[in-house]
Amino acid sequence: MADLPKADELFKSINYTPPSTGWMDTPVDTSPGNWCYPAKAEKLEYLGFPNPREWNPADVDWKLPENWQDIVHEGFKERLDKYRSLKVFMDICVRCGACADKCHFFIGSGDPKNMPVLRAELMRSIYRKDFTMAGKILSTLTGSRVMTEDVLKEWFIYFYQCTECRRCSLYCPYGIDTAEITMMARELLHLCGVNINWILEPVSNCNRTGNHLGIQPHAFKDIVDFMVDDIEEITGKRLNVPLNEKGHEVIFITPSGDVFADPGIYTFMGYLMLFDHIGLDYTLSTYASEGGNFGLFTSADMMKKLNAKMYAEADRLGAKWILGGECGHMWRVINQYMDTMNSELNTLEVPVSPITGTVFESARQTKMVHITEFTADLMKHNKLKLDPSRNDHIRATYHDSCNPARAMGLLDEPRYVIKNVVKNFFEMPEQTIREQTFCCAGGSGLNTDEIMEIRMRGGLPRGNALKAVQEQNDVNMLSCICAIDRATLPPLANYWAPGVDVCGVHELVGNALILDGEKERETDLRFNPLPGKEG
Amino acid sequence: MNALYSLVLVFALVLIALFGVGSAHMAGLFGTLLPYVAVAVFLVGFARKVICWAKSPVPFRIPTTAGQQKSLDFIQHDRFDNPVTPGQTFIRMVLEVCCFRTLFRNTKVELRDGRVTYASSKFLWLFSLLFHYSFLLIVIRHMRLFFEPVPECIAFVEMIDGIMQIGVPRLYMSDLLILAGLGFLLGRRLQDPKLRYISLVTDYFPLLLIIGIALSGIYMRYFAHVDIMAIKKLTMGLVTFSPVIPAGISVVFYIHLFLVCVLLVYFPFSKLMHAGGVFLSPTRNMPNDTRINHHENPWNDPNIKPHSYEAYEDEFREPMIEAGLPVDKKA
Ligand code: SF4
Ligand code: SF4
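Chains as they are written, first to last, in the working numbering: chain A, 15 to 549; chain B, 9 to 339.
Just so you know, these hints were derived from the structure itself, not from any lab.
It is possible that some hints are incorrect.
[Unchecked claim] Straight-line alpha carbon distances no greater than 30 Å define the calculated BS3-like cross-link-like pairs of lysine-lysine that follow:
1) B:Lys116 - B:Lys130
2) A:Lys127 - B:Lys313
3) A:Lys96 - B:Lys57
4) A:Lys96 - B:Lys313
5) A:Lys20 - B:Lys202
6) B:Lys202 - A:Lys150
7) A:Lys26 - B:Lys313
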């Protein structure tokens, strides 16, 4: 990381003119810094994934299985039969380039292979060769090529420079979703044992301990107790937080990043305070202590396996419905996949807010409500006692986390919540928010330090928009509804817009909530003095 | 380079027709047999491709949401960008297919004064729309060659198209507009370095082919003044399955017809299938309603089970009990 260039140097190095050599003739750069560390053999073994071994992407020999070409070919064929999306997307791109400058990785790097269209062409060229008549006969003329080790390496580099954020899909006239293509390419790479540790380790932890970080149940309880202590110190109130308890109405599931890392923990404290304030009959679970699902970045089967825990645990504990915390791809999985994959496990009831009586019709089938939907409803019905002035030291903007925004359409609920608890709220430029939002550049399992430069490049559009509101409106807080964002945005903000902090929406709620019988607060949830209480 | 290959290819096609009819006197082949083959290949190929797509399931609903979801009553739902009913989805598709709505959104990124800037960029939208609608008009106009008497609606389209009343024969607007559209699409590909970089022979070839078709058509109509009655005799013969080759048809017509045949044959095997594919695109043609309604994944594997709670408790029972967490089985 020492050689990460300064922000303005990096900016100046961006050049949108492609190299003079054609993309098929431009060799892929596998030097360190261009890739995330490969998955550890033991993680693959534990999960039963193929070809566990020690290997290094910088080496020439990747220790692929002998028949890796057949494996890829067969896997490709299988997925074409399983997914119409893949088949259609392989055939109908007209290379109009409308998507080309929509990817944050291209905007920040200028590397033409980061144009979504070309990223997909890396795979399409093989599709044409293997599965179309024209491609078989007239290879170079139709842009097809043979699957070689170099192509596979290129896949590894560039399909792990896509955060599956789906921004490109928004602009494609045919809705071609490069994220879908990336997902398929990664599945094929997995079949040969080519994958990254920053995804596989969380997957394996999540399977075993219930969460990505490998927090075991007793440690989980300790962490919750610490937070209860902190809340007591700030508010003078000791909260009771049920863990693994049967017979409660609601089970609350949030990404483990909220439990573990700063600044997510403040958001977690906000949840706990909210539940106490409204007297919600709920429990947490240590077994299903992860909302995020890195299976989504691995394979459809693994996604299902991890996701199934939510229903299984809700059923075991006898909850009526599930409340979900602030998490990005967790909500993509819940919105797009969960019921289709796991409906047979779902014994829950249609969610009804016990406080307002609102029936969450939009979650009739999955039985899972997003916390900003839940809180917005509480606020609309005036069920919360709030003192927004406690957030007066905060000048906030809001980052639409990609997945809830573009795979779900959760845009106004968080804004409604924020505006009820923060007086100073400012939107970033129009082309960078709501459905056009820019990725944090660390999603889909890429928030690892060894590719910091790639992340900072990809973070340019978001950082730039943030800088704009920082300069214009003195914004000092970037709020978001994703635990990955809460991990990836701080370094990004630090790089592109130093001085801006990152928080979850429910941290702001926690600050503003007036708990029954609480003492006069002197600090916010971060132990920073409240306005007027300094010194 | 790829553009040049494509140009050579189109020229070769012109020459084939030129010599085929002009010197080799194979008007029968070019005027009757080839059109039949081409239409057959087009229809069968198109249908096969669509069926091939349709055979793969859409296991999951993955619409790209471009607006606010349907949720609480007081939050305004964006019905056509985030549809939840088939009706709303239908309108989304109509707007997409008929108005190219997504392209309308297009923006352009530039680096300016140390900033990334995003400017609206609607040229691609405008010229693609021009191209596609002119093409449609022209196809409809040509239908007069296949009907006797000519149906009113076709005559009407023709009337509208020539409403400017310029010159003899009357100038059709669509002839100019299609050239403008095609010219822009080609120019853009050649001039923008990013686009040039991603463009394959298969991107230039159809453009140049259609330009060839348009130019030969325009040449016939406005400059060569071909014998339209003879041509109609030929086309009527084709549709009534009693093909005739009337005398006196200029060779330009055969070139035009041959290029059209090539286009028809080429169509189902190329990116031109976006015409069919856009209707099947899973990110656009599905409502965003998986939290509301159940959908089936035909290959869902019921044997995939989560790591069970029992196994979890077995592994961590002792520390759980010690920490005071509830357990199902005491020790
Ligand atoms: S916008 Fe769509 S059709 Fe155009 S190049 Fe990109 S993926 Fe292809
Ligand atoms: S999904 Fe996001 S990261 Fe991937 S190619 Fe598209 S815009 Fe880029």
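Check your understanding: Quick check: which numbered hints come out false for this structure?
Key -> Violated hints: 2 and 7; rest satisfied.
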